[in-house]
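Colleague: The listed protein sequences correspond, in order, to chains A and B.
If you use the numbering used here, the first sequence corresponds to residues 1 to 270, in order.
If you use the numbering used here, the second sequence corresponds to residues 1001 to 1587, in order.
One-sided and incomplete, this derived list gives chain A residues near chain B with beta-carbon spacing under 7 Å:
1. Thr-160
2. Ser-168
3. Gly-230
4. Gly-235
5. Pro-243
6. Leu-258
Keep in mind that the hints were calculated from the coordinates and are not lab data.
The structure presented is a predicted model; accordingly, all values stated were derived computationally and were not measured.
Here a beta-carbon is modelled for each residue, glycine too, at the ideal position from N, C-alpha and C.
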Amino acid sequence: MSKLATYRRSPIALIVLLFLGLTFTGTAYAALQPTAPADAYSASNASEDVDDVEEGRKLFLANCASCHGKNAEGNGTAGPSLAGVGAAAVDFQVGTGRMPLAAPGVQAPANPNQVNFSQQEIDQLAAFVASLGPGPDVPDEEYTDLENADIANGGMIFRTNCAMCHNSSAQGGALTRGKFAPDLMGVEPSHMYSAMLTGPQSMPVFNDATITPQEKENVIAFIVNIEEGGNSFGGHDLGSIGPAGDAVFIWTIGIGLLIGAAVWLGRKAA
Amino acid sequence: MTTIPQGAGAVRDQSEAATETTADAADPKLPPPVVWADERLGVAKGFGLFKKVFPDHWSFLLGEIAMYSLIICLITGTFLTFWFVPSMGHVIYDGSFVPLKGVGMSEAYASTLNISFDIKGGLLIRQLHHWAALLFIVGIALHVARVFFTGAFRKPREINWVIGTVLSLLACIEGFAGYSLPDDLLSGTGIRAMNGFMSSAPVIGTYLTFFVFGGQFPGELIIPRLYIAHVLLLPAILVGLFAVHIFLVFWHKHTQYPGPGRTNNNVVGFPLLPVYTAKAGGFFFIVFGVTALIAAVVTINPVWAYGPYDPGQVTAGSQPDFYMWFSDGALRLLPGWMEFSIFGVTFSPQIFLGSLVLLPLVWIILGAYPFVEQWITGDKREHHLLDRPRNAPVRTAVGAAAISMYLVLAVATINDIIAIKLHLSINDITVALRVLFFILPVIVFMVVKRLCLSLQRADRELVLHGTESGRIMRTPEGRFYEVHEELNEFDRWHLVQHEAQRPLSLTAGPDTDEYGVERPVGPLESMRRKLSEFYFKDRIEPVTPSELAAAHHHGEAEALPGGQARAIKESVERADETAGLRSDDRT
Ligand code: HEM
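Just chain A, same shape as in the assembly (with noise of 0.2 Å):
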């Protein structure tokens, strides 16, 4: 017990999380998904307008079919396949910056300046996307617009779920071999909570049994409180890193006042 907890404290411990979450999570879902119900996902919503899909289509052979392949089967290492990954992956990764990808690198990094597409577009996309097989959809207005959310409910969730990887202030943190899980300050709710639903590359994904719908914008609402200062209190938060913050700035500022004040007291004649 006591090993396990010094452990964790190395960056092996990371690794081990993110296997342990990443098969338990995708063990999971592989499990519910056939029991969940078809009309969650828009691939069965027969109402669902052919020309978005067709639009979508267009747009997707434009920008995407390089790395994805034409119907989005995958490119080998270029890009994985998208059958299943659902609206909701679509909306987040594109209405984020991280699609269409730069470059290639070791974890494909938000981009909110380069969001080259329009809600409607991007809809397009997540349609093409969705029409090839079932998956999550863009999660309801309802769990998006955070009223009536438990804040202190979410701080606890966003503690036991995701504090390890953002940091408990939501303020991101190191993985292994550079890749990281980002600051959450500034993301949308909607891409919050698409987030959760579809573990975009080392996150692990937290289905609606794991964190409920209304869990989930209880968390959502947590990490837009600290947002809006919501934890603010006590002066200046040194970039909200720990103890790190501190200690920079007592070995510059604080001793540097104090010596400046002692070199001053020392010069001055009696």
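Got chain A; can you put chain B with the ligand on it based on the hints?
Modeller: The following block gives chain B with the ligand in isolation, referenced to the frame of chain A:
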């Protein structure tokens, strides 16, 4: 008029006489309250203390930063005890911090939130307490560095160095205990790490943790126990040891930097009263003011942002306060493959080495240094004049190398933060730091030693040839040369006053006796000789008077007329006196 009865008048007369005699005994210059107190307590004797002379230099105030921070911690800590509840009893939070309303937590954490959000001025005092705690340790660290690099630890001050070492260890433990009290996610993770440290002790590990935690981790006892340690036990020892520490400073009289008129037998500076007290007292207010200002505008340890401790949670970017970093960093650098099992018992040297071995080792090395150096040099004389760091190149280089080693470990603690801020791979950083741990000290040693020697060489150059005046002269024959201005005696003093230590091979005579037969040397002695060689083989001798005279004969500067030395001594004393400085004998 004789309305006063006979007896009473006699009493009055007598009492007047009595006052006069006492007043005679006490210093007539003393103010009345002191006289009053002296009549009853005999305090005037203690006033000799106030005439003690203290040399003045900004670096002597580093220790005072630590002292004042300690005082601030004591005052603010007492305030915190009024509201802090050192209990791990479970409560549901119902205070005014909304994001935690309804969350289950320990009373310790709830009361810390209470201090932060519901007690007037509570957050300011908490922040003041924590900033002062950090400043305390920064002050100690810099003070130790000053003492080390100036050689102030040499005889007769070795004991005080050891006391200081213990103080610094206690300060770190005190800080760790305090950091653990609020029972937030970070401090709980810290206690968890401590638990891991202890259980890594071979054989006794598990017993040890059960003893300290009163059972399985986390139990209900650790916070009350740390609390008693933090508010009673350690402060009492700290204050007691500190009193001895400062008493010894008085006793030995303060060291001083070399300079004209400053010798090993005197101490030149301001008398404690009024000048030094005024300066030091003023500095207290500066330290308090700056710390209060920082506490008012910069957050520290925002425990509400970390959440209550729960053994099932961790946060990315967990780290302790900086003074524990080196140990945490060592754990991050030590490779996991070191773990092994024998007969079903698991041994974890990768944890054991980084904690239970490293922690004491650092302080043992620190505490032992003066004795080791003395053994190597064989120098048993008293030293009251400080070394300029460059004049002890190997000591300075060893110190710098040790600091670099320590820093590598400390930086390893924030490998994840560096990774995310600089977009690097945490694995690469870890590998780089592992390599640096071994290589950096060697590089730092060589560079610093070379630097010291070059600075000494530059000093020699300056003494022998003076400063370049920028004036170009032309000799009648048509040659050009630049006029060098000779240093004045004051400036020269700093550059020539020291002695260069020589290795034992030169001072202890040859290794062979008069018949050319090698003297038998024990392994310890031979190691000592090697170390002495290591310390003093490369050295720059200070300019001797004859060298100086010879240089002057070259015509580059005029030789010093005889008898001028006394004149200079007198003028130094005059200058000191007008500056309010006093000289005191060491005996
Ligand atoms: C050398 C002196 C001391 C150091 C380095 C030190 C350090 C610390 C630190 C780092 C904390 C965590 C503060 C936080 O952020 O919440 C703390 C908390 C605390 N300290 Fe001290 N302390 C010192 C002396 C004292 C003394 C003398 C007392 C009491 C007489 C005291 C009482 C407390 C209490 C009650 C807390 C918990 C309150 C809280 O967490 O808000 N401390 N200390």
